[in-house]
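So you can see what is in the structure, the chains are spelled out below.
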Amino acid sequence: MLEVKDLRARVEEKEILKGINLHVRAGEVHAIMGPNGSGKSTLAGVLAGRETYEVTAGTVRFRGEDLLEMEPQVRACKGLFMAFQYPVEIPGVSTINFLKAAVNALRKHRGEGELDAMDFLTLVREKLKMVDMDESFLRRSVNEGFSGGEKKRNEIFQMAVLDPKLAILDETDSGLDIDALKIVADGVNALRSDDRSFVVITHYQRLLSHIVPDRVHVLHDGRIVRSGGSELALELEERGYGWLEGEMAEQA
Amino acid sequence: MTQLSAALDTLAREQTAPIVGWLAELRRAGRLEFEREGLPTPKMESWRGTNVTPLGKISFVAATPADAPTHVLANLGLGGLRFVFSGGQLIATEGGTPAGLWAGTFTDALQHFGDRMRDWVTGEEAEFGAFEALNQAFLGSGAVIVVEEGAVIEAPIEIVYALGPQASEAIQQPRTLIVAAANSRVQVIETFVSEGRTPTLTNAVTRTLIGENASVEHVRLQIEGPQAWHVSTVVSRQDRSSRYTSHHINLGARLARHNTLAVLDGEGAHCVLNGLYLVSGDQHVDNNTVLDHAKPHCDSRELFKGILAGKARSIFTGRIIVRPDAQKTDAKQSNPNLLLSPTALAQTRPQLEIYADDVRCTHGATVGRMDDDAIFYMRARGLSETAARNMLIHAVAAEVLDAIDVPRLRDALKAEVSARLERLGT
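Going down the list, the sequences are from chains L and E. This note's numbering puts the first residue of the first sequence at 70, with every later residue one more than the last. This note's numbering puts the first residue of the second sequence at 734, with every later residue one more than the last.
In isolation and in its complexed conformation, chain E is listed as follows:
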């Protein structure tokens, strides 16, 4: 038995007993599944290059709450509903709940929605991985957002999952549920931030269910500290004619692994997966994305851009599955990477699995350095070399950030990217 398993036993004993029977069952099933699968190793095809096995030697304790985080990106002041969790517990709620919206903690949602929660929490996804199982084993923390049929929620909803300084290695496993009923519209921003020098593990799961003709914009912002391990499982399931736009912004953590599964499960659904990772030093980021075209006439646009400095390493796996029924699929995938140092390394692996014959799928990936001709051109117009380089790097980030339809967040993110680049001295 690993230190991790022993620690999980303790964590399980300490956890509040579930108020419904099926939740206890889900937790048990999750734990069994996790023990059966074990921590992924870099020898596994879908984890090649990413090593999370050191987690097995850590005796994690439950994260403890602290004061609200001070990071500017966790305090955007968007004027809408805002939940702040710290160490897995809700420590602040701001803003009102507009008509057509139900929002609260997982526990509140269990009381309010009862067994409907069970259908929302669990999916039939084949991608049931060890970390999702582990999260399920401790199901009970996180935010639940339910938008009624036809409701249009104007102000973006912010959910901040913070970890303050911890006394010893700590774990949090929030689960976010976003349920958008038919013809509704909502924007949700999830921000993961951590402070302090102790290693922490965030193992988060977000499930987004999008009803017919509904529209969800989802920003997932990871700005955890340099000692953090961050694993996410982000699943979306779309009904007919719905729109899902997600922005995966990864700036923090020593190691981050994002499992993204987007299922286009109704005709005419449109899905945008945008991503930006800016990593430096010894940071490692692994985006494992699966776009599952299950029904005909769906479009997907996937753009993940990377900027790497120092000895940072990135892996992008972009799997696109086009099921036999999914005729007239139009899928585009692109993963350009910009290396700012000779020791940075970006790997990119497109994987197309096409079982229908009348489809259009394109993919492109590049790993490159700064364009010297462009820098000379800019210098010949009077810009310093530094100014020219910065302009080029910002141009890379801007393409992803400009697509975020929350102006304040977009501007704050651009400022954050600038500040981080400045610290790198590029």
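Chain L on its own, in the form it takes in the complex:
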């Protein structure tokens, strides 16, 4: 599904990613954990195609194709979804119109015609239930005036509607209370399937009690320094990230 090899990236002159290797197979959920400044958001940004990052080395293959060559919208059309850490407010554009444009852009890419209004509404209503959101929310401008929890639920809702092959959740759990966190986690769990993969980027272990990952990777100073099963997340929760500094120093 996703194969990242020796990925290096920088912002202006500062190198942030210093050789990332990651292999996510179809159906797997990988968690990437790490302290602030370790490069988590840069990795998400590079995968989504944000232009502020410059990739200096390495390759990323997504479903067999060179991801880094694709424009952000092509990545989306080919099945990549990114749940933003900070979803953007778009005044004047209703959620329903935005989603309709997105769904039809994806369909067009696949050579399919536009979804008719009734089918679209049926699809959207079903997915709204999944994130426990009211229909009135469709008429509101995208994310405008939404609470933090509503914004994150909106990301999961969009993910459910767009039905991606690979979803990257960039700190979707930060700033959520436990109820909102459960809704988000339930949404993700409901979408888990053999042909869909997830990369869950998080600072905290608590989301991973609800979304149990197949693999956990620890990101530190632009490198993945440890990988393991879901038990690694618990270990990190108990020990914090401080021990990383020591371990790194020992290795050096």
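Treat the hints as calculated values from the structure; they're not laboratory data. All residues carry an ideal CB built from backbone N, CA and C; glycine is no exception. Incorrect hints may appear among the rest.
Said to hold, decoys possible - Simulated DEER-style distance windows between Cβ atoms:
#1 E:Asp1135 with L:Asp246: 31 to 39 angstroms
#2 L:Lys234 with E:Asp1135: 34 to 42 angstroms
#3 L:Glu181 with E:Thr826: 30 to 38 angstroms
#4 E:Glu827 with L:Glu140: 47 to 55 angstroms
#5 E:Asp1135 with L:Leu192: 21 to 29 angstroms
#6 L:Arg209 with E:Thr786: 42 to 50 angstroms
#7 L:Glu134 with E:Ser1151: 28 to 36 angstroms
#8 L:Glu134 with E:Thr1119: 17 to 25 angstroms
#9 E:Asp1144 with L:Arg130: 45 to 53 angstroms
#10 E:Asp1144 with L:Glu195: 25 to 33 angstroms
#11 L:Ala186 with E:Thr786: 52 to 60 angstroms
#12 E:Thr786 with L:Gly244: 36 to 44 angstroms
Said to hold, decoys possible - Facing chain L, a subset of chain E residues (Cβ under 10 angstroms, in silico):
#13 Asp1091
#14 Thr1095
#15 Gly1097
#16 Ala1098
#17 Val1100
#18 Asp1104
#19 Gly1115
#20 Ala1136
Said to hold, decoys possible - Calculated cross-link-like contacts (lysine-lysine; reagent style DSBU-like; alpha-carbon spacing at most 30 angstroms):
#21 L:Lys169 with E:Lys790
#22 L:Lys177 with L:Lys147
#23 L:Lys251 with L:Lys169
#24 L:Lys74 with L:Lys198
#25 L:Lys177 with E:Lys1147
#26 E:Lys1044 with E:Lys790
For chain L, the structure is supplied; the task is to place chain E on it using the hints.
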């Protein structure tokens, strides 16, 4: 003497003699006032940035009528009464006149209403500017709409002021009067459209008088050609508990200046001034608005939005006056501008003059470019960059257009805005 003044002398000689004495007097007074004031210059505070002095060098002739305009926005088919003027003359009337409505040309109205017209035509407004004076100097052309007490006019009334292709530089100076008596309701759409490549000047005045508890929705649509000069003076005066909603849509002309004066002259009146300008190339648009809160407990909501491309330039001046008596005034003003090119320029000048102490007045203005974060967010959901940009621009226009309570016009305007944006290649 400028070429313009000489041309005005000729125009005055050619004009049909007035049928009432006071009209001749008004014309004389208007002409004197215009000559005394002269054309405004960009050195004047209220005309800073807008240069109409080239008009002084043009020998304008009276506009001549042509065939009815073909523009879709001048042919909305709303099913109500519709007047089409071309070159200042009424060339077509469609639809019937419902009960409670009197509508006709200025000349017909003089015969029908006699001296009452005099009170409607002239106001005690302090904002008597050079262009209003010039219009008064040639008073006699335009439409008059009078709604009787309690009458509810269901279908919107359309007034089209068209200029067909002209042989040489031509001027038209229509005056529209809308009089809505107590408890009445009416919607009026004024459309200014011009065709052809010859420079023209439209100097239009619209006065709207709104009686107690009456409701008027007024759309003023300016889609004149790229060689047109357009100056408007739009005055409204509201009585107690009345509602006035206006939509100033400016898409055309090389230079347009709109003087808007809304007087809230009765307790509990509610006034909405909406505006949208979409300009590109070398277009220039100047909205000079004055909201005069003269009585207590009145609300005003003013929203003018701008979209600018190319080397276009816009000026918005939003003056809000709260008179000493006008306690409990609630006034909100906002002027956001979206610049689509680095060479476009939007200027915004809020001016609050508050003489009462228990009031709420807020204003906000922004001049900004497209939000890159929003565009990336939309692209990350599969939209092309062009689609994302268009969606954002349309969102700006939609907030103003959605407020127009004439669905057919609203849809046609959205299509027009789309077509214009497409031509810009944004």
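For this session: Sort out which numbered hints this structure fails and list those numbers smallest first.
Result: Violated hints (numbers, rising): 3, 12, 13, 14, 15, 16, 17, 20, 21 and 24; every other hint is consistent with the structure.
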